[in-house]
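Using the hints provided, position chain B relative to the given structure of chain A.
Quick note, the sequences are listed as chains A and B, same order.
Residues in the first sequence are numbered consecutively from 1, following full-length UniProt numbering.
Residues in the second sequence are numbered consecutively from 1, following full-length UniProt numbering.
Derived from the structure by calculation, the hints contain no laboratory data.
Here a beta-carbon is modelled for each residue, glycine too, at the ideal position from N, C-alpha and C.
Heads up, a few of these hints could be off.
Unchecked claim - Chain A stretches covered by chain B per the calculated footprint, using a threshold of three residues with CB under 8 Å from any CB of chain B:
#1 90 to 102
#2 138 to 149
As the list claims (entries may be wrong) - Calculated lysine-lysine pairs in the BS3-like style (CA-CA distance at most 27 Å, straight line):
#3 A:139 - B:3
#4 B:162 - A:16
#5 B:162 - A:154
#6 B:164 - A:139
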Amino acid sequence: MNQVNNLEQAPVFQLKGSMLALTILELTTIDLEHLDIQLADKVEQAPQFFQDAPIILAIDKCAENDNPLDLQRLLSICRKHGMLPLALRAVSPEHIQAAKALDLAVIPPTGARERPVALHPKDTVVPPPAAEPSYIPAKIITHPIRSGQQIYAKGTDLIVMAAVSAGAELLADGHIHVYGPLRGRALAGINGNTEARIFCQYMGAEMLSIAGHYKVAEDLRRDPLWGKATQICLVKEQLELSAL
Amino acid sequence: MSKILVVTSGKGGVGKTTTSAAIGTGLALRGHRTVIVDFDVGLRNLDLIMGCERRVVYDFVNVINGDATLNQALIKDKRLENLYILAASQTRDKDALTQEGVEKVLTELAEQFEYVICDSPAGIEKGAHLAMYLADAAIVVTNPEVSSVRDSDRMLGLLSSKSKRAEEGREPITEHLLLTRYSPERVERGEMLSVEDVEEILSIQMIGVIPESQAVLKASNQGVPVILDEDSDAGQAYSDAVERLLGKDVPHRFLDVPKKGFLKRMFGGKE
Numbered sequence: 001m002n003q004v005n006n007l008e009q010a011p012v013f014q015l016k017g018s019m020l021a022l023t024i025l026e027l028t029t030i031d032l033e034h035l036d037i038q039l040a041d042k043v044e045q046a047p048q049f050f051q052d053a054p055i056i057l058a059i060d061k062c063a064e065n066d067n068p069l070d071l072q073r074l075l076s077i078c079r080k081h082g083m084l085p086l087a088l089r090a091v092s093p094e095h096i097q098a099a100k101a102l103d104l105a106v107i108p109p110t111g112a113r114e115r116p117v118a119l120h121p122k123d124t125v126v127p128p129p130a131a132e133p134s135y136i137p138a139k140i141i142t143h144p145i146r147s148g149q150q151i152y153a154k155g156t157d158l159i160v161m162a163a164v165s166a167g168a169e170l171l172a173d174g175h176i177h178v179y180g181p182l183r184g185r186a187l188a189g190i191n192g193n194t195e196a197r198i199f200c201q202y203m204g205a206e207m208l209s210i211a212g213h214y215k216v217a218e219d220l221r222r223d224p225l226w227g228k229a230t231q232i233c234l235v236k237e238q239l240e241l242s243a244l
Numbered sequence: 001m002s003k004i005l006v007v008t009s010g011k012g013g014v015g016k017t018t019t020s021a022a023i024g025t026g027l028a029l030r031g032h033r034t035v036i037v038d039f040d041v042g043l044r045n046l047d048l049i050m051g052c053e054r055r056v057v058y059d060f061v062n063v064i065n066g067d068a069t070l071n072q073a074l075i076k077d078k079r080l081e082n083l084y085i086l087a088a089s090q091t092r093d094k095d096a097l098t099q100e101g102v103e104k105v106l107t108e109l110a111e112q113f114e115y116v117i118c119d120s121p122a123g124i125e126k127g128a129h130l131a132m133y134l135a136d137a138a139i140v141v142t143n144p145e146v147s148s149v150r151d152s153d154r155m156l157g158l159l160s161s162k163s164k165r166a167e168e169g170r171e172p173i174t175e176h177l178l179l180t181r182y183s184p185e186r187v188e189r190g191e192m193l194s195v196e197d198v199e200e201i202l203s204i205q206m207i208g209v210i211p212e213s214q215a216v217l218k219a220s221n222q223g224v225p226v227i228l229d230e231d232s233d234a235g236q237a238y239s240d241a242v243e244r245l246l247g248k249d250v251p252h253r254f255l256d257v258p259k260k261g262f263l264k265r266m267f268g269g270k271e
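Just chain A, with the same shape it has in the complex (with noise of 0.2 Å):
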């Protein structure tokens, strides 16, 4: 009966993405007693829209030989004007080592374009060196995959040693093997890598697609390899059938 009750309770909570409007208070210079005067210049034009405000602090644009930061102060200045810090913006190994120290959520300054361009050569970050693309297995599926089923090889190939029924769906990062009848729909390379391939035994698909250019059973019904063993690649962005 367990297993009932773990079935029937509904989840209680749910992920979800969103994009807030926030605003960002990004500091030219850390100078804390001017800023407390400005910001309450500042706050006094609108109460209404500080009052409460969660905001991001940006200290990412300060020079780097700008005052040490005293986090703490810098945040009881912005409660006092009514506004909620939600997290920092900084790059500088201190500030963040501070913020953690606080609790306060860091994130890494906005794109790179919005970048000053360093100065200095010892600026320049060296960028690790690409990570060899580790080896993931491909997907073998060995029973049939019925109408209404969707199947994705994330990041790999994928191989059915069974028949795949019309309305079923095929996806694959990488090529798609099909051993048994291919009457489904089979997408290969659907993260736009054109080397994909599609091979089956038996080529009576609804759909091939490779990298997003496609052909309908329509057309492939008209091909002569319709029900023989098919290669299909992409040449020159247009699917290209041939026999196996």
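The following block gives chain B in isolation, referenced to the frame of chain A:
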């Protein structure tokens, strides 16, 4: 060891209830204690086909809601000692079935009976899902036409992914295919999918091929399961299917166009 068997199809009107009645009766005829449960709440039909519509007092939903006990709701077949029917409610809809309720009733039935046959409603929604959720084996009823075959294919996919067995990672539901309303003449004329076509598309074992027969309509109007009409081809084909379900190896009959004798050719004559 009792067995829960769901008769399902996806598509409506292909002969699920006729099959449930015939297979259930066939099992009881062979001495197995059997109950047939109508899951088609709101479109109750099984009682008509079994000829017990005048004796329905309590139904499946009453048992789930606790208005009646299981033994009060079970209807004993008048012809066979081992056969019982649990009717669906005609005044409610599928939402009246709950997963816990269905599980409780089926578990209780499985204690009393060797075979629990669940007659699934059409579609792939709640009613059909609950009918197949606890099944150990399934008979997928298909007509030899493309839309029915595709719906059955979809149903087979759901059986292998949405059942309790699948969710618990146990041995999957045993799948059987039953082809009904088969007409060898029309297959020969190329108007109908052949047994081989259907078997190839669905790639599962065929448990029986029931020929298109006048006997089926007659039987359901009289409230007598067609399997009891031993002279009819459909009745015999259902008997064979029951034998195969019980593990016997019986050759398929009625797959070819019957050869007409000289006299029949002269005088026509219908079977």
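Verification of the supplied hints:
| no. | hint | result |
| --- | --- | --- |
| 1 | 90 to 102 | violated (count 0) |
| 2 | 138 to 149 | holds (count 7) |
| 3 | A:139 - B:3 | violated (34 Å) |
| 4 | B:162 - A:16 | holds (26 Å) |
| 5 | B:162 - A:154 | holds (23 Å) |
| 6 | B:164 - A:139 | holds (25 Å) |
In summary, the numbered hints that this structure violates are 1 and 3.
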